[in-house]
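Chemist: Could you build all of it, start to finish, from the sequences and the hints given here?
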Amino acid sequence: MNIAGNERLLDKLAAEYVLGTLKGGARRRYERWLQTDPMVRRATAEWQDRLHPMAEFAPSMMPPAHVWPAIAASLALQSGASAAVAPVPPATDRWRFWRDLRDDLGFWRGLGLASTAVATILVAVLATRAPHTDAPVASYIAMLADDKAQPVALVTGDETTHRLTVKLVLPQSIRADQSLQLWAVPKSGSPRSLGLLTADVSISLALPANTTPESVTLLAVSLEPKGGSPNPNSPSGP
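Numbering of the sequence shown is given in the working numbering, commencing with residue 181 and proceeding in unit increments.
The hints are simulated quantities; they were obtained by calculation from the structure and are not laboratory data.
Being a predicted model, the structure only gives us computed values, none of them experimental.
Each residue gets a CB set at the ideal place from its N, CA and C atoms; glycine is no exception.
A couple of the hints might just be wrong.
[Said to hold, decoys possible] Restraint-style ranges between C-beta atoms, simulated for each label pair:
hint	residue 1	residue 2	range
1	330	218	17 to 23 Å
2	201	414	31 to 37 Å
3	411	245	56 to 62 Å
Modeler: Here it is, written out as structure tokens:
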């Protein structure tokens, strides 16, 4: 496989490598390229940066009590069974999210393709049901990207409160007489409006009943006249 000068192929391989879907010999070959090719390293870093904001939704997690003593014992770091082992600072727990995400392909429920329209923000929907913990966490998570595969917003759904939170990671420039409108595109039937977005801050919206990754194949943002689309069943803008 020759990736020299093939930016589209390199971007695809970098995405699969970061997501963890690149396996076997292909992954080992890609890791060899990482060691020698600065273009491969740059493409990989760009995809890591795109997905990094999702780590913000990872709850802090501590390992079981027996784990660290066992590690210390295997490394001959303790002289007796009662030797204390310092816990790992909570800040490092965030990286567990990425390791789990890499290995758990069930996380990635669906993949949508963005429209070619410049103002359209159609996206790959990356959704998962969050693990059950005592701390409040998002039930579903989606990343919205534009037609250039640049991350635009993070969407989280909480099935307990029936709320949807949209956090723009890339502020959008729109005119005063325009609005951004979020849509859920189901497997069948007309798109459903989820509400209007602000161009530069987070917003919380009511989550309609039965709006789950199983029933919705795609999330989309359209550019509409001020106040939203005149047609409640479909976007009027790009």
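Chemist: For every hint, state whether the structure bears it out.
Modeler: Hint by hint, here is what the structure shows:
1. 330 <-> 218: 17 to 23 Å: Holds: the Cβ-Cβ distance is about 21 Å, inside 17 to 23 Å.
2. 201 <-> 414: 31 to 37 Å: With a Cβ separation near 33 Å, residue 201 and residue 414 satisfy 31 to 37 Å, so the hint holds.
3. 411 <-> 245: 56 to 62 Å: 58 Å, holds
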